[in-house]
Structures are given as C-alpha cells and as structure tokens.
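Asker: One letter stands for each residue in the lines below.
There are 2 protein chains.
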Amino acid sequence: MEIEKILKDSFRMWNELTNTEKKTLIQSSFLTKHKKGNIIHEGTQNCLGLIVVIKGSLRAFLASDNGKEITLYKLYENDICLFTASCVMKDINFDINLECLDDTDILVIPVNKYKEILENSKLISNYISTILSSRFSEVMWILEQFVFYSLDKRVATYLLENEENNVLNVTHEKIASELGSAREVISRMLKYFEKENIISLGRNKITVINFEKLEDFSEK
Amino acid sequence: MEIEKILKDSFRMWNELTNTEKKTLIQSSFLTKHKKGNIIHEGTQNCLGLIVVIKGSLRAFLASDNGKEITLYKLYENDICLFTASCVMKDINFDINLECLDDTDILVIPVNKYKEILENSKLISNYISTILSSRFSEVMWILEQFVFYSLDKRVATYLLENEENNVLNVTHEKIASELGSAREVISRMLKYFEKENIISLGRNKITVINFEKLEDFSEK
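Heads up: the sequence lines are chains A and B, in that order.
Under this note's numbering, the first residue of the first sequence carries the number 295, and numbering increases by one thereafter.
Under this note's numbering, the first residue of the second sequence carries the number 295, and numbering increases by one thereafter.
Derived from the structure by calculation, the hints contain no laboratory data.
Any given hint could be a false lead.
Because identical chains cannot be distinguished in the list, a pair is counted as satisfied if it fits within a single copy or across any two copies.
Keeping only pairs whose Cα atoms sit at most 16 Å apart, straight-line, the calculated EDC-like set for lysine to aspartate or glutamate is [stated by the list, open to error]: (1) Lys416 / Glu310; (2) Lys499 / Glu458; (3) Lys416 / Glu467; (4) Lys447 / Asp399; (5) Lys384 / Glu432; (6) Lys416 / Glu315; (7) Lys409 / Glu298; (8) Lys489 / Glu438.
Whenever a hint applies, use it, and build me the whole structure from the sequences.
Answerer: Printed below as a string of structure tokens:
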C-alpha cells in the first residue's frame with residue numbers, strides 16, 4: 295500500500311498540511327512487519343517513533359514486576375500510537391508495552407522527523423493532543439473500573455462484552471490478565487457465577503446461561 | 295497581582311508568543327475567588343475555560359456513583375488545569391472534579407479565547423500536550439500502584455500495624471524494604487497520604503492524623 299494513502303487515512307487533517315510537511319512525512323516513513331505475539335515496544339527501552347497500524351492489531355498494556363498485566367487499549371487499522379515516541383514527550387514518564395495481536399504491519403515515522411513536524415505544525419500538535427486525550431480517557435475508564443467497582447461487576451461486564459452466541463473460548467488466565475487480576479481470583483468468581491447457574495464452565499470455555507442475572511451483576 | 299505576570303509565570307513559553315497572542319490572553323482573562331471547600335468544577339457540567347491557580351490549591355478527583363473518591367493530583371500556584379476546558383478537547387470523556395483545598399484565587403482564560411489560541415499557536419498547543427502528558431503520568435502512577443501492587447492498601451496496613459501512640463519512627467527505606475518496594479515509591483505514596491491529610495511526615499517520623507481514612511485504604 296502506498297505510504298501517502300496510509301498517512302492520509304490516519305492523519306485526519308492530512309489535506310490541510312503544507313506540501314513540505316506532507317513530503318517530509320512521506321519520505322521519512324517506512325514499513326515494518328511483525329509476527330503475532332511480537333512485543334514491538336517495551337517500556338521506555340526504545341524510541342522507535344510515531345507508528346501507524348496498517349494491518350493487524352496491537353495491544354497496549356502495563357506490566358508489573360510480579361508478572362501482572364493490565365490491558366489499556368487496543369489499536370487497529372489507521373490507529374496511531376504515540377508512546378513509541380515517548381522520548382519526544384518529556385513529561386511522559388510511564389512505560390507502556392505493545393504486543394501484536396495478529397501478524398501486524400506498521401508504518402514508522404522516525405523520532406527526529408516526528409519531533410521536527412510536531413514543533414512546527416500546530417495541526418499535528420493539536421492532533422497529537424487529541425490522540426493523547428483519547429488514550430487518557432481509556433485509561434481513566436480503567437482506573438474507575440478497577441478502583442471504584444467490584445470484581446463481580448467487572449467479570450460480568452467482561453463476559454457480556456466478549457460472548458459470541460453465548461460462548462467465550464477463553465482461559466481464566468486470559469480474563470485475569472485483561473482485568474489486571476489474579477487467575478485464582480477470577481476462577482473463584484467464575485465458580486460463584488456457575489453455582490448461581492449464570493454460566494457453565496468447560497475447558498477454556500464459558501457458556502452464558504442466564505443473561506438477566508449476569509446483567510444484574512454488570513449493572514450493579 | 296497583574297494578569298500579565300500570572301500568565302508569564304504559568305506559561306513557560308510566554309516570551310515566545312506573538313504580541314497579539316499575549317494581548318488576547320491578557321485582555322480576555324479574569325480573576326475569580328473561591329472559598330476553601332468549594333467545588334469549582336464538577337464532571338462535565340460546566341466548561342469554564344483554562345484556569346491557572348494564583349493562590350491556594352486545588353484537588354482534582356474522580357467521584358463514583360457510590361460516593362467513593364480518588365484523588366488524582368493537586369494543583370498549586372502557577373499550575374494550569376485543562377479539564378475545566380474539556381469541552382474544547384472533544385476526546386476527553388471522563389469527569390474530573392475540582393475542589394478548593396484553601397481559599398483559592400484563579401485566573402480564568404475563557405473557553406472561546408482558549409480555543410482560538412490553541413488552534414492558532416503551535417507553542418500553546420505543544421504546551422497543552424506537555425501538561426496533558428504530565429497529568430496522564432500522575433494517573434498512570436496511581437493506576438499501577440493501586441491495581442498492581444495494592445501499595446496504598448499495603449502501606450496503610452503497615453502504618454496501622456506499626457504505629458505506637460499515632461507515631462512511627464521509621465525511615466522510608468525501612469518501609470520499602472519491609473514491603474519489597476523501592477524507597478522512592480514508598481516516599482511518593484506517603485506523600486500521597488500526607489496530601490490527603492491522613493498522616494504528617496517529619497524526619498524519620500510519621501504521625502497518623504486520620505485513622506478512619508487510613509483504615510479505609512487498608513480494608514480496600
């Protein structure tokens with residue numbers, strides 16, 4: 295796919311940029327391909343540049359020293375990730391990891407060119423603020439879910455959001471990691487739901503039996 | 295105090311702004327005074343504009359349906375708050391509350407003027423990104439410490455178990471080593487409790503002021 299087309303599809307204000315800005319972005323950007331499961335960014339170890347997802351998807355997550363993870367958000371086609379260029383933003387002092395959920399193609403706008411354009415274009419600068427606001431909003435939502443709301447509600451919401459035709463093919467480990475909890479805690483909560491005849495549990499499989507009750511939990 | 299002086303002290307790049315930009319900011323801004331305890335911003339109910347703390351301090355917090363609160367950060371003299379102008383930033387979709395911790399004077403840059411300047415000045419736009427990044431980092435720290443390490447709970451429990459007549463004679467280093475954490479992390483969490491008026495900090499000495507709040511944290 296042509297680089298200009300990718301940039302145009304991901305930068306909303308592309309048509310308003312100057313020809314020089316467009317040319318700089320087009321000429322400096324390059325494509326990279328990554329396998330499913332690859333970690334393309336880890337903490338603050340590297341500073342690749344601004345990246346755009348061309349094909350596939352990425353999961354942004356926090357990882358703790360003790361092996362826990364919290365998924366913060368996912369990025370799909372045309373989505374831009376700022377945190378791979380966090381060295382440019384000196385007031386960002388947290389470490390985000392990015393994992394490929396599928397075989398993923400990304401476009402990289404190298405750090406030096408990104409920095410140059412950011413400093414000189416109010417359009418790009420405002421757009422970056424917008425993306426930052428949007429990611430901030432995702433994280434605030436998670437903070438609220440985790441700190442304010444209890445686990446039963448969170449697990450119920452997870453099940454409702456991820457079931458397809460009543461079924462989830464998922465391990466307890468996976469749910470725990472998505473919810474930033476421990477496997478044992480999630481298993482216990484799922485067993486509680488099973489005893490209440492809300493779900494039935496199989497091997498890596500959860501079947502929702504009583505939607506009404508589950509919704510009660512999720513709406514608590 | 296002169297408005298220009300306030301703006302100059304809070305906008306790092308003031309000297310680089312054009313005369314028109316400076317004039318717009320100076321002429322449109324106005325002072326307001328608020329009593330200790332006043333809520334000057336609640337969720338997304340109002341959109342006052344960008345505000346600067348002149349004197350006093352503000353607490354930014356999340357409030358849940360069930361009456362719980364999380365303090366996100368505090369703002370002191372010369373600090374700028376963006377979220378009172380969140381209507382300008384369309385991708386902000388969370389509700390922050392702001393409370394005056396003291397009698398507080400603020401400078402308001404009205405929404406329409408803020409929007410105009412933001413759209414036209416790359417310096418202001420980049421500065422707003424920097425502030426946003428800094429607030430984002432505060433929130434990420436809270437998310438990590440509360441969710442991954444339950445550090446709020448663990449420090450609260452430690453303080454309750456080790457106080458004698460409200461006092462602990464202990465270094466932050468010692469607490470860190472007991473809890474398997476780092477001194478800087480413990481110091482920051484203790485400062486968080488201090489700002490919440492739960493404890494007061496002295497040299498190698500911690501005094502518990504509010505047992506009820508500390509127990510809330512330890513029982514979470």
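Asker: All hints, please: hold or fail.
Answerer: Now the hints, each set against the structure:
For the homomeric pair Lys416 and Glu310, the shortest alpha-carbon distances inside one copy (11 Å) and between copies (15 Å) are both at most 16 Å. Taking identical chains as interchangeable, the C-alpha atoms of Lys499 and Glu458 lie at most 16 Å apart only when both belong to the same chain, with a minimum of 12 Å there against 52 Å between chains. Proximity of Lys416 to Glu467 under the C-alpha cut-off of 16 Å is found in neither arrangement, the shortest distances being 44 Å within a copy and 45 Å between copies. For a Cα distance limit of 16 Å, the shortest separation of Lys447 from Asp399 qualifies neither inside one copy, at 35 Å, nor across copies, at 41 Å.
Taking identical chains as interchangeable, the C-alpha atoms of Lys384 and Glu432 lie at most 16 Å apart only when they sit on different chains, with a minimum of 14 Å there against 21 Å within one chain. Proximity of Lys416 and Glu315 under a CA criterion of 16 Å is satisfied in both settings, with 12 Å inside one chain copy and 14 Å between copies. Within a single copy, Lys409 and Glu298 get their C-alpha atoms no closer than 19 Å, and across copies no closer than 30 Å, so neither meets the 16 Å cut-off. For a Cα distance limit of 16 Å, the shortest separation of Lys489 from Glu438 qualifies neither inside one copy, at 19 Å, nor across copies, at 21 Å.
Hints 3, 4, 7, 8 from the list above are not met by this structure, while the remaining hints are.
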